[in-house]
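Engineer: For the protein sequence lines, the chains are A and B, in the order given. Taken in order, the first sequence gives residues 119 to 367; the numbers are from the numbering used here. Taken in order, the second sequence gives residues 45 to 305; the numbers are from the numbering used here.
Hint data in this document are derived by calculation from the structure and do not stem from the laboratory. A hint or two may mislead.
[To be verified] Quick list of simulated restraints, FRET-style, between CB atoms:
id : chain 1 : residue 1 : chain 2 : residue 2 : range
1  : A       : ILE326    : B       : ALA58     : 50 to 60 Å
2  : A       : HIS278    : B       : LEU98     : 16 to 26 Å
3  : B       : ALA288    : A       : ALA340    : 39 to 49 Å
4  : A       : HIS278    : B       : GLY124    : 51 to 61 Å
5  : A       : HIS225    : B       : THR92     : 28 to 38 Å
6  : A       : THR276    : B       : LEU294    : 27 to 37 Å
7  : A       : ASP348    : B       : ALA58     : 43 to 53 Å
8  : A       : LYS175    : B       : LEU102    : 44 to 54 Å
9  : B       : ARG131    : A       : THR204    : 46 to 56 Å
10 : B       : ARG131    : A       : LYS171    : 53 to 63 Å
11 : A       : ASN236    : B       : ALA152    : 22 to 32 Å
12 : B       : ALA152    : A       : ALA340    : 47 to 57 Å
13 : B       : LEU98     : A       : ALA249    : 23 to 33 Å
Quick caveat, the model's predicted, so the values are computed rather than measured. Yeah, the Cβ is synthetic: ideal placement off N, Cα and C, and Gly gets one too.
Letter by letter, the chains look like this.
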Amino acid sequence: MVRRLLVPTMLLALTGCGGQASASHPTSGGIIVFAAASLQPAFDNVASQLVQKQALKTSFSYAGTQTLTGQLMQGAPADVFASADTAHMTTLQSAGLLAGPAKIFAHNRLEIAVARGNPKHIQTLADLSRAGLVVVLADPSVPAGKYAQQALSTAHATVHPASLELQVTGVLTKVALGEADAGIVYVSDIETSGQVDGVTIPDTQNVIADYPIAALKTASDAAGAQAFIDFVLSPDGQAILQAAGFQRV
Amino acid sequence: MSQTRVPAALIALAGLGLLFFLLPPAGLIVRAPWNQAVGAITAPETATALELSLFCSLAATAIALVLGIPLALVLSRTTGNLRRLMRALTTLPMVLPPVVGGVALLFAFGRRGLVGSLLYQAFGIQIPFTTAAAVMAETFVAMPFLVIAVEGGLRSLDPRYEEAARALGARGWMVFARVTLPLLRPAIFSGAVLCWARALGEFGATITFAGSLPGRTQTVPIAVYVALETNPDSAIVLSLILLAVSLAILVGMRDRWLGAL
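Kindly generate the complete structure, drawing on both the sequences and the hints.
Structural biologist: Shown next, in the form of structure tokens:
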């Protein structure tokens, strides 16, 4: 009986060790970046520049900031985290998961995504409360959803969304597919999508999203993580972000 | 005890396999906020998700019964390539990743989809983002389980009962309602339960095709996913409810029903 129990326990201990070992040395010569879904177009470009200029390989996990925060809190191994708001970065900082202080590397603003040619003639946030209009937002747990709520309440607009998506790219997709008439996304999403038109939200109602970036304590390649962050903050990195519709810092 | 002894190494591997199944539910149970469980179950968000999930999964099962039993009957009475084609089509959702199923549903029933565009232009009907969409997504993914179970039941059916009924002058519909259906009851029951369980757990197709809105399309699995980041306690309690339902189904069906497959 003892032997029967011992063998699986030992195997388990072995696999447990293997898991930890791979967490601290995942792949040779590459870093893992957890980044907010809205960063994908910009960061994919950053990665190809980094491979060319510094031979640094980057793999990404793009998702809603809140999803990534949850995964990191559960111990997901990553080298760098780029968030779409400061609140989630603060959560990780309080949990002692950051290797150093977070730095704001970009700003983003909200815009209304509509079908090409704006067939529903949406001009303002208040128009989104029109009856019969299918409006999709990000869930309030997603930074983009939280920002959208702030903007809508500043504009005194009450919207009954058809769906609350789990990442901002979900909102964009629903509008691009023609299933939703409008959605609130980031300026950068519309800039890089090419499948939807944007309706500008005036500064008085808009929200400025701050994007912080930080290296993680679990980083297997601290130097690589720092190189990524340095590049994002460098003039070259800032130019890529600006080209993708973000505002530089 | 004339059975051959299982080698110790295989027993060890089997134990490891069992442990792999045991640990995740154990983790849920250990981490559960038992002192707040009652509060979490009766919390409005939890109740809303449970209510919606119950409605959607039962509606999906009802549709699966109405469409799936005849489909199984036709399948069991067809032969050759046509049967192979129909069977492949019917079982496709079982092997298709549910998210792909959701995307496919969008391109069929979405506002710009194959059928959806006609519905939208002719009647102004839009299916995505409605509870109907959630029911459709669950039906798409779960109905194959019912069809397969019922078809299995039909194949093991003794054809002499139906022949006797026909010899006694019963017509096609009468034979189906009075002879075939009652004989199929165990297969229909087990198929319906499996179908319901699969519908209850549906996530990928639902969130892709129907979206996520509390009270309308946010079923329990989606609520679990959303709550995991914002309210982990509620996610654990909802997960435990789904776990309890699954266990109840297994215990209730035992080998008898699963054996029918």
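Engineer: Take the hints in turn and mark each one as holding or not.
Structural biologist: To see whether the hints hold, each was checked on the structure:
no., hint, result
1, A:ILE326 / B:ALA58: 50 to 60 Å, "58 Å, holds"
2, A:HIS278 / B:LEU98: 16 to 26 Å, "24 Å, holds"
3, B:ALA288 / A:ALA340: 39 to 49 Å, "45 Å, holds"
4, A:HIS278 / B:GLY124: 51 to 61 Å, "52 Å, holds"
5, A:HIS225 / B:THR92: 28 to 38 Å, "36 Å, holds"
6, A:THR276 / B:LEU294: 27 to 37 Å, "46 Å, violated"
7, A:ASP348 / B:ALA58: 43 to 53 Å, "51 Å, holds"
8, A:LYS175 / B:LEU102: 44 to 54 Å, "50 Å, holds"
9, B:ARG131 / A:THR204: 46 to 56 Å, "55 Å, holds"
10, B:ARG131 / A:LYS171: 53 to 63 Å, "55 Å, holds"
11, A:ASN236 / B:ALA152: 22 to 32 Å, "27 Å, holds"
12, B:ALA152 / A:ALA340: 47 to 57 Å, "49 Å, holds"
13, B:LEU98 / A:ALA249: 23 to 33 Å, "30 Å, holds"
Consistency with the previously given hints fails for number 6 only.
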